[in-house]
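Line order of the protein sequences matches chains A and B.
Count the first sequence with my numbering and you get residues 1 to 508, in order.
Count the second sequence with my numbering and you get residues 1001 to 1155, in order.
Worth double-checking, as some hints may not be accurate.
[To be verified] Some but not every residue of chain A turned toward chain B, in silico, with C-beta under 8 Å:
| hint | residue |
| --- | --- |
| 1 | Val7 |
| 2 | Val15 |
| 3 | Leu25 |
| 4 | Gly64 |
| 5 | Gly65 |
| 6 | Ile68 |
| 7 | Val288 |
| 8 | Leu372 |
I should point out that these hints are in silico values taken from the structure, not numbers from a laboratory.
No residue lacks a Cβ here, since even glycine has one placed at the ideal position from N, Cα and C.
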Amino acid sequence: MIDHLPVLLVVLPIVGAAVPLVASLYTDRAGWTIALVTMLGHAALAGLLAREVRTGGVLSYAVGGFTIPYGIELVVDGLSLVVVLLISAITLGVLAYARHAGPHENTFYSQLLLLVTGLTGMTVTGDVFNLYVFLEITGLAAYGLVASGREASAAVAALKYLIVGTVGASLYLLGVGYALAATGTLNMADMSEKLAAVGYDSTLVLTAFGLMVGGLTVKVALFPLHTWQPDAYANSPDSVSAFISALVSTVSAYALARLLFSVFTVEFLTAVPAARWALIAVASVSIVAGSALAVSQSSVQRMLAYSSVSQFGLVIAGFTVATPIAVVGATVHLVGHAVMKGGLFAASGIIERETGATTLGGYAGMGSRTPLAAGAFAILALGMVGVPPAIGFVGKWYILVGAIETEMWPVVAVLLASTLLTLAYFARLGERLYFAEPTIREEGAVADGGEAVTDDLRPPPGRDPSNASVSTGMLVVVVVAAVLAVALTAAVPALEQLLTETLPPLLQ
Amino acid sequence: MSADEAPGLYVESTIIMTTVRVVAPFVLTFALFIMFHGADSPGGGFQGGVITGSVVMMLAFAFGIDSTRQWLDVRIVAALASGGVLVFAGIGLGAIALGGQFLQYNVYKPYYYEASKYGIELVELGIGGIVASVAIGLFFLLAAGFGYVTGEGER
């Protein structure tokens, strides 16, 4: 049983995703319970896996019992373990939020569990083609979830996401083809040895690197390739934006790191400085452009979305610097960003429900009207800027130290500038929330409530009369995210130890 | 129903109906043929599933989308989709229960001598069911147009 943990983590949500389909023949409200049971199982398995990796080190699993370089291998080391735990925790949080916030359809929970399958699969796989398969599962489930919003704009956003995302995945697949042509293998560990034997400066290897990394940067949404992301985040239902903003790009960034360290290895980055600098350049441009775009937004959710473009630039820069401390920093920021961004989207959803505010102007003076959600929002925003006790500070600090150690001064400059830029848009929000006169009148909210009651006779499809209300579960999720944003700092030493124990083979 | 709303969308044609009636069994057989040959020759669940789905689309074009929707029980489609997943997972997890790895077909050998071959066949059939039901579900949903909410059944 214990040996089979990696594969069970992937199979469980697939089976869970199939059950709501049958259940919907009898009731349309069974999805949440099924998803909850599945995810509790997932969390238990992830917990067992954590114990196993901490005591036994890296875990490897041969699917189908085929000899390893030929069959599909699943590998769990410190880095993937952290991401698996993150997936489990965030999904449970999103379920608590979606219990009241909806969508309530069974199909929504089917797709959610399929997305969890894809994300977990991407995290535990040790095979570059298998990674592509799970990348596609993740992508398809995410497109469907974005489209589950009832507005037409959600459909447009999903279509855009579909087209751009498919191009990204296809680029990655093309890169896998080149890598296969160069090495004749798909297993990550095997491929990394054979790539070294082929020679890092061979055109095939360089092309494979460019295509695979390029494809994944589309999924991560780094600057010039981010166009799908703000629409997808801002137009989907709140539960979905919290979920995909916290996990989808995060796991893609993890896959990019896995590719850098387990397939191409740090020696490749050292041997081909052009590749390293190209990736650093993309990441740096992403940091600056993402922040600049975020500052210019008036819609809060779009601002949060562009903020992700910038923060993922930071994470990728950390991974590309590739010193142990920078990698720890990037991982910390990866996890921290997921918790904080998910929390911010959830909080913005609550603020919208309670006050109707969705824009920077609308947020004015809302701090007193939704004290809990606004307070959590402010804490999470400060954490994202990198104010010391929060996890956002630790991640940025470690990446910065790594960049200084390797004397990559342009990166250092960009990192420092990015903090200022992040402050620029989040400080503005904080100022509006607490120190500005309200622009939305209390009566407006009441009138909205009244309208909702009269609409009760014929509620629009998929939109509950409860749409304007906020449950305790939703508030708890946001508050827990805010607490975690600070409390996770205490877990950094343990994470650092875990990574240094399992990553040294990757970092020389 | 949609035939009334959008006249000209469905035209009853003896030629098409007769042709489809003759061709459909062969296409379905071909789909199964493709699925069963996934293990040792080109083909498999994905291709076979799509062909199975195309049989239903063909019927819909010949006999009208709405009458086909009524004829085809939604329970069958849902059972195909989730049954396929459960067959796949069941075979995989059964191997674990017998002490092998996930999807390690040869642990079934003591119980059936050609377990490896037919294990793969069963998985292919499962995949075929999933693909077919999704193709059918998507077709009916697209045909229904925007704003049609089933409230139940496949997405």
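Consistency of the hints with the structure:
no.	hint	result
1	Val7	holds, 4 Å
2	Val15	holds, 5 Å
3	Leu25	holds, 6 Å
4	Gly64	holds, 4 Å
5	Gly65	holds, 4 Å
6	Ile68	violated, 11 Å
7	Val288	violated, 40 Å
8	Leu372	violated, 34 Å
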